[in-house]
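Novice: These protein sequence lines map, in sequence, to chains G and P.
All you need for my numbering is the position in the first sequence, starting with 1, plus 1015.
All you need for my numbering is the position in the second sequence, starting with 1, plus 218.
FYI, nobody ran anything at the bench for these hints, they're computed from the structure.
Accuracy of the hints is not assured; some may be wrong.
[Said to hold, decoys possible] Residues of chain P clear of chain G, computed beta-carbon distances all greater than 12 Å: (1) Asp335; (2) His384; (3) Glu430; (4) Ala459; (5) Met463; (6) Ala512; (7) Lys551; (8) Glu566; (9) Ala711.
[What the hints assert, rightly or not] Listed next, the in silico EDC-like pairs over lysine to aspartate or glutamate satisfying Cα-Cα at most 16 Å (straight line): (10) Lys1018(G) with Glu640(P); (11) Lys551(P) with Asp1097(G); (12) Lys487(P) with Asp436(P); (13) Lys1018(G) with Asp1118(G); (14) Lys404(P) with Asp312(P); (15) Lys1123(G) with Asp1162(G); (16) Lys223(P) with Asp1162(G); (17) Lys448(P) with Asp490(P); (18) Lys549(P) with Asp1097(G); (19) Lys487(P) with Glu438(P); (20) Lys549(P) with Glu1092(G); (21) Lys1124(G) with Asp1086(G); (22) Lys1121(G) with Glu1163(G); (23) Lys690(P) with Glu640(P); (24) Lys714(P) with Asp572(P); (25) Lys1124(G) with Asp1162(G); (26) Lys551(P) with Glu1092(G); (27) Lys418(P) with Asp312(P).
Glycine included, each C-beta is placed from N, C-alpha and C at the ideal position.
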Amino acid sequence: MNKVTNIVLGGLGGQGVLTASDILADVVFRAGYDVKKSELHGMSQRGGSVSSDVRYGPVVHSPMVPLGEADFLLVLEPTQVDVNKPVLRPEGVLIPPDVIPPDGLKNKKSFNVAMLGALSAFLDIPESIWLDAIHARLAAKLHRLNDEAFAYGRQAARARFHLS
Amino acid sequence: MKPEKQLLNGDEAVALAALHAGVSLGTGYPGTPSTEILETFDHLGGKAQWSPNEKVALEVGLGVAFAGGRALVTMKHVGLNVAADPFFTATYTDVDGGLVLVSADDPGMASSQNEQDNRHYARAAVAPMLEPCDSQQAYDYTLAAFEISGRWKIPVILRLTTRVCHSKTLVSPRSDVAQPAAPDFKRNVPSRVMIPAYAKPAHHRLRIKMAEIAAWNDAEGFNQRIDNGKSLGIISSGIAAVHAMEAAPEASHLVIGMTYPLPIETIRKFADGVERLVVVEEGDPVLFESLLAAGIPAEGKPEMYRFGELNVQRVRRILAGDTTPEPVPPKGKPPELCQGCSHRDVFEVLRDMDCIVSGDIGCYTLGMLPPFSAMDTCVCMGASIGVGLGMRHTLPADQARRVVSVIGDSTFVHSGITGLAEMVYNPPETGHVVVILDNGTTAMTGQQEHPGTGRTLNHDPTGKISFEALGKAMGIQNVLTLDRFTDGHRLEAVLKDLLAKPETSLVVVRQPCVLAAPKIRFYEKAAIEKMNQACAAMPAE
């Protein structure tokens, strides 16, 4: 594959958008790609809009996904869908927050990891790499909870988007 | 063994390089997007300290270098304004070990009050400047900056921008970094005592150093040339370079690593080989004007691209000469003061009392937004006090009595103390009221310690400045403390009383930041445990 894959994650400060994009960048790094991850986080703890770009492929130049060129847009908060949508290319895939049913998670703090699970259903990267990266980023006591959230999100996206 | 690749952001890459370069002390003041450099350096085992402000940080760093050590001094772009006084003369001196100043610029103002382009400082203060475009270069150029600083005994600026600081890219560290000699004082009065008799020859020496560095930059500098035919050549540096390579893969590229002094002959050769030469740079047309001055014909960018960050689509537009209005992305949700934040009710009171609020830099600047809308000025660190005093001196008395200066604890230590001196020395006829919003941390930049918290950068206990004792010692007439938990309801009455008096007043409103409070409790507990262990280990008499 020659092409650079462009993924944008959006949400509000405090939702774990930046943690999720850190994990995603680590996943594609572990999978052997060149990767660049970009974010603006000066105000992220104060509830404002937060977004982060992750790009991977054989060689990545700019760390920012150009407007209208995202292959995947992962949004963690319903009000942030319209805000981020212009970044998606016309055939790009929007993964909205309601892909995870509201009562589906034991702990809503693992929502960001569940959303990564949903994204993972679209990407050709072994599940074990995802779990390694999640474990590397989160404290050991949170591993089981987040493993379950990841599996839940992966399954939910497969059902929602009719993926095999 | 070859060290493994790592995925690091630009700040982390600088910190790793500083560790590998044997930096003996890192100093700085927190400022987005530079803050993580010293935090990471500390985390990796380096010695790092927060200074009260950037001027002091640079002076400490200069002392480290005079003593033969390697110093890393970090700040955001506006911090260099504060540190400019020592910096402009530090370049005249001979630094022995090495001195690298990181200026983290914020084009587009993700979290800053202006988007000044600190490339101007390299030329104005006469210091070599390196500009990485990603984390690998941030790592490599930090090492190079120390080598150059040591070789020419000159301070070097490493200029980062927000996108370099906060983007993660792959880094291959080096295992063969030369270590500095052990610190040792060497007396060298003519090169370090900048009285006119010594500063005059020092200026000449500095210009000779720069001529040598320019020649080095042409001969063996970090200039990356990609030849792709003659029709279009692009000259760029820093983050603009990676946008340009993506926007125009068919063009020839010259990416300049050291942008001051420029490798002008290298540029001339590149220019001679292409039919159309375009300079792609973020911010001011610094590179473009340097080329014109050297008689190298080039195209700059339309004025509209001076503002904000560049990105791939904007570079495409620059290359196409497109000056039509740019698409405006939908507005996101603005940040706000946290629920439970101690600043909230202070701004409610100031709003309800219809105060004229001279504000300052920090989380509490968000007090200007609805529902508070309770801030009338915000310019730079510490300005709240001087600006408030100026308004008091000038406004009619009934308006002057409504003026309040509001400043955070870390900002107060940074540059509010001299404002208090001004208030005591030149009190307005109506008096004045300064409110310190003391939330026990540098909250805006991510909860860093400062001299008012009594803890060092790595949260160990240390000396603590009492704002109240300081205010009393300076001769302020009324010094009050309001603990927001117990006295919060009294704030309005207290302010009413003080605003009516033609006296100088300092009110410290104290409550820990809601985000930092659990950590502060943890640090305090750890400090007590440490002290108990130390006591237990003391030999009995």
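Novice: Taking the hints in turn, state whether each one holds.
Specialist: Do the hints match the structure? See the list:
| no. | hint | result |
| --- | --- | --- |
| 1 | Asp335 | 19 Å, holds |
| 2 | His384 | 6 Å, violated |
| 3 | Glu430 | 33 Å, holds |
| 4 | Ala459 | 9 Å, violated |
| 5 | Met463 | 5 Å, violated |
| 6 | Ala512 | 28 Å, holds |
| 7 | Lys551 | 5 Å, violated |
| 8 | Glu566 | 18 Å, holds |
| 9 | Ala711 | 30 Å, holds |
| 10 | Lys1018(G) with Glu640(P) | 61 Å, violated |
| 11 | Lys551(P) with Asp1097(G) | 11 Å, holds |
| 12 | Lys487(P) with Asp436(P) | 11 Å, holds |
| 13 | Lys1018(G) with Asp1118(G) | 37 Å, violated |
| 14 | Lys404(P) with Asp312(P) | 11 Å, holds |
| 15 | Lys1123(G) with Asp1162(G) | 13 Å, holds |
| 16 | Lys223(P) with Asp1162(G) | 26 Å, violated |
| 17 | Lys448(P) with Asp490(P) | 9 Å, holds |
| 18 | Lys549(P) with Asp1097(G) | 10 Å, holds |
| 19 | Lys487(P) with Glu438(P) | 15 Å, holds |
| 20 | Lys549(P) with Glu1092(G) | 15 Å, holds |
| 21 | Lys1124(G) with Asp1086(G) | 26 Å, violated |
| 22 | Lys1121(G) with Glu1163(G) | 9 Å, holds |
| 23 | Lys690(P) with Glu640(P) | 14 Å, holds |
| 24 | Lys714(P) with Asp572(P) | 11 Å, holds |
| 25 | Lys1124(G) with Asp1162(G) | 13 Å, holds |
| 26 | Lys551(P) with Glu1092(G) | 11 Å, holds |
| 27 | Lys418(P) with Asp312(P) | 14 Å, holds |
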